[in-house]
Amino acid sequence: MSSNLSFIINKSELGAGTRGASLGPEAIQVVARQQKSNIFSAYPTRVLPHLNDLLDQPSTHEFAKYIDGMKVVYDTVSNELKSLLDKGEFPFVIAGDHCSAGGTIKGIQRAFPDAKLGVVWIDAHADLHTPYTTPSGNLHGMPLATALGVENIEMVKNDVDSETKEYWESLKTNYLLPENLVFVGVRDTEAEEDYLISKFNIKNYKVDEVLSKGVRQILSEIKEKLLHCDLIYVSFDVDSMDPDESSYGTGTPVKNGIQIKDAEDLLIGLLEMPKTAVFEMVEINPCLDNKVNRMAEISFSLIKKISLLNRFQ
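For our numbering, add 110 to where a residue sits in the sequence shown, where the first one is 1.
Just so you know, the hints here were simulated from the structure itself, not pulled from any lab data.
Predicted, not measured: the structure shown is a model, and the values here were computed from it.
Ideal placement from N, C-alpha and C gives every residue a C-beta, glycine not left out.
A portion of the hints provided could be inaccurate.
[Stated by the list, open to error] Below are the DMTMM-like pairs computed for lysine to aspartate or glutamate, each with C-alpha atoms no more than 20 Å apart in a straight line:
hint	residue 1	residue 2
1	Lys401	Glu355
2	Lys316	Glu300
3	Lys316	Asp271
4	Lys282	Asp269
5	Lys309	Asp298
6	Lys333	Glu382
7	Lys415	Glu382
8	Lys371	Asp318
9	Lys181	Glu199
10	Lys181	Asp271
11	Lys267	Asp304
12	Lys371	Glu300
13	Lys365	Glu382
14	Lys192	Asp224
15	Lys313	Glu279
16	Lys309	Glu261
17	Lys197	Glu172
18	Lys323	Asp375
19	Lys371	Glu382
20	Lys267	Glu172
21	Lys316	Asp340
22	Lys197	Asp340
23	Lys365	Asp354
24	Lys385	Glu334
25	Lys282	Glu334
26	Lys316	Asp354
27	Lys365	Glu355
28	Lys316	Glu334
29	Lys282	Glu264
30	Lys385	Glu289
31	Lys197	Asp185
32	Lys371	Asp354
33	Lys333	Glu374
34	Lys226	Asp340
[What the hints assert, rightly or not] What follows is a set of in silico ranges between Cβ atoms, one per label pair, in the way DEER data are often shown:
hint	residue 1	residue 2	range
35	Lys146	Asp304	38 to 48 Å
36	Ser246	Phe310	21 to 31 Å
37	Asn114	Ile378	33 to 43 Å
38	Val157	Lys323	31 to 41 Å
39	Asn114	Val266	37 to 47 Å
40	Lys335	Ile378	13 to 23 Å
Can you make the complete structure from the sequences, with help from the hints?
If you want it as structure tokens, here you go:
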């Protein structure tokens, strides 16, 4: 896969339940400037248009808030991903909320429609809800469901209107196969998500397993599991890390997460894999940071170390 790193900044936070994730990418850029780093000028950096002004109005879709705007965001992100992948670039996405990932996967599908995609989802949450099961209506809890093309009708609890159904169908890709999905650090799920994890037998490396096996062994197992895949997408939500060690500067922090060093080693190992073609980092929220801008500092440190990998030189 390509060695030409290109940053995509997507400030959309339409999918989040708390405000401030849209400021995450800029918080990271602030850290870069404080450290006198030129990383965002040394590599091509594209800032995508967003529709966060829709948040000034009430959502008209109870079980998929702002899904009309999210349709535009998905299309914007997927267009940019396809364009970069078609040119042989390596897209490094820095996004607001995790709903961006659905557009990322859609873009990968458009660039490689016949490829088998492997996804490593590093997150405190499974993000497998649908409008039919969501307890909140927040779309950042649904991107993997759009990629898998599921509705989870077996666990339905919401009466979804026809317009929401139409938008939902437009977001679904049916591209990702459940056997090609690996979770790392997922520890805060609802029964509806647990049902799908069990139904599809999705592997979840829980935090205790990360600690007991060690990152090197887990990387080896992930590589073996996804050996048959043509390319790999790594999606990293900073809430996967332990907030007491890192920061509470993320929308939905969950205690007892991955240690910062383990997260770093995991990301470096995954991005050293030749099949890894796209990386995404999401959910940095400086408005919620209890340590000033610590989450952005940690995130920028990870970005710098990734950019120094041999494949990007």
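Cross-check of the supplied hints:
Between Lys401 and Glu355 the CA atoms are separated by roughly 11 Å; this keeps the pair inside 20 Å, and the hint holds. Between the alpha carbons of Lys316 and Glu300 the distance comes to roughly 16 Å, so the proposed pair stays at or under 20 Å and holds. Pair hint Lys316 plus Asp271 does not hold up; C-alpha atoms about 36 Å apart against a cutoff of 20 Å. For the given pair, Lys282 sits about 19 Å from Asp269 by alpha-carbon distance, which is consistent with the 20 Å threshold.
For the suggested pair Lys309 and Asp298, the alpha carbons sit about 18 Å apart, so the restraint of at most 20 Å is met. For the hint pairing Lys333 with Glu382, the CA-to-CA distance comes to about 11 Å; that is within 20 Å, so the pair holds. Of the supplied pair hints, the one linking Lys415 and Glu382 holds, its CA atoms being roughly 12 Å apart against a limit of 20 Å. Simply put, Lys371 and Asp318 have alpha-carbon atoms about 15 Å apart, close enough for the 20 Å limit, and the pair holds.
With a C-alpha separation of about 25 Å, the suggested pairing of Lys181 with Glu199 is violated against the 20 Å cut-off. This hinted pair checks out: Lys181 and Asp271 have alpha carbons roughly 17 Å apart, not beyond 20 Å. Between the alpha carbons of Lys267 and Asp304 the distance comes to roughly 15 Å, so the proposed pair stays at or under 20 Å and holds. Simply put, Lys371 and Glu300 have alpha-carbon atoms about 28 Å apart, too far for the 20 Å limit, and the pair is violated.
Proximity of Lys365 to Glu382 is assessed by CA-CA distance (about 29 Å); at most 20 Å being required, the pair is judged violated. Proposed proximity of Lys192 and Asp224 is supported: the alpha carbons are some 14 Å apart, at most 20 Å. For the given pair, Lys313 sits about 26 Å from Glu279 by alpha-carbon distance, which is inconsistent with the 20 Å threshold. For the proposed pair Lys309 and Glu261, the alpha carbon gap of about 13 Å is at most 20 Å, so the pair holds.
A distance of roughly 39 Å separates the Cα atoms of Lys197 and Glu172; the hinted pair therefore is violated under the 20 Å criterion. Restraint check: the Cα-Cα separation between Lys323 and Asp375 comes to about 13 Å, which is no more than 20 Å; the hinted pair holds. Of the pairs offered as hints, the one joining Lys371 and Glu382 holds, with about 16 Å between alpha carbons and a cut-off of 20 Å not exceeded. Distance check on the hinted pair: Lys267 and Glu172 sit about 13 Å apart at the alpha-carbon level, within 20 Å; holds.
Proximity of Lys316 to Asp340 is assessed by CA-CA distance (about 26 Å); at most 20 Å being required, the pair is judged violated. With a C-alpha separation of about 18 Å, the suggested pairing of Lys197 with Asp340 holds against the 20 Å cut-off. Of the supplied pair hints, the one linking Lys365 and Asp354 holds, its CA atoms being roughly 7 Å apart against a limit of 20 Å. For the hint linking Lys385 to Glu334, the alpha-carbon distance of about 12 Å falls within 20 Å, and the restraint holds.
Only pairs whose Cα atoms come within 20 Å are accepted, and Lys282 paired with Glu334 is rejected, the gap being roughly 28 Å. For the given pair, Lys316 sits about 18 Å from Asp354 by alpha-carbon distance, which is consistent with the 20 Å threshold. Taking the CA atoms of Lys365 and Glu355, the gap is about 10 Å. The hint holds against a cut of 20 Å. Between Lys316 and Glu334, the direct Cα distance comes to roughly 18 Å. Compliance with the 20 Å bound is thereby established for this hinted pair.
For the hint linking Lys282 to Glu264, the alpha-carbon distance of about 18 Å falls within 20 Å, and the restraint holds. Proposed proximity of Lys385 and Glu289 is supported: the alpha carbons are some 17 Å apart, at most 20 Å. Distance restraint check for Lys197 and Asp185: the Cα-Cα separation of roughly 18 Å lies within the 20 Å cut-off, and the hinted pair is therefore satisfied. Taken as a hint, the Lys371 and Asp354 pair is honoured in the structure, with Cα atoms around 14 Å apart against an allowance of 20 Å.
With a C-alpha separation of about 17 Å, the suggested pairing of Lys333 with Glu374 holds against the 20 Å cut-off. Distance check on the hinted pair: Lys226 and Asp340 sit about 5 Å apart at the alpha-carbon level, within 20 Å; holds. For Lys146 and Asp304, the hinted distance range of 38 to 48 Å is satisfied, since their beta carbons lie about 47 Å from each other. Checked against the hint of 21 to 31 Å, the C-beta distance between Ser246 and Phe310 comes to roughly 23 Å, which is consistent with it.
Hint check: Asn114 to Ile378, Cβ distance near 19 Å, so the stated range 33 to 43 Å is violated. Checked against the given bound of 31 to 41 Å, the beta carbons of Val157 and Lys323, roughly 39 Å apart, stay inside it. At about 44 Å, the CB distance of Asn114 to Val266 agrees with the hint of 37 to 47 Å. Take Lys335 and Ile378: their Cβ atoms lie about 19 Å apart, and the range 13 to 23 Å holds.
Hints 3, 9, 12, 13, 15, 17, 21, 25, 37, counting from the list given before, are not met by this structure.
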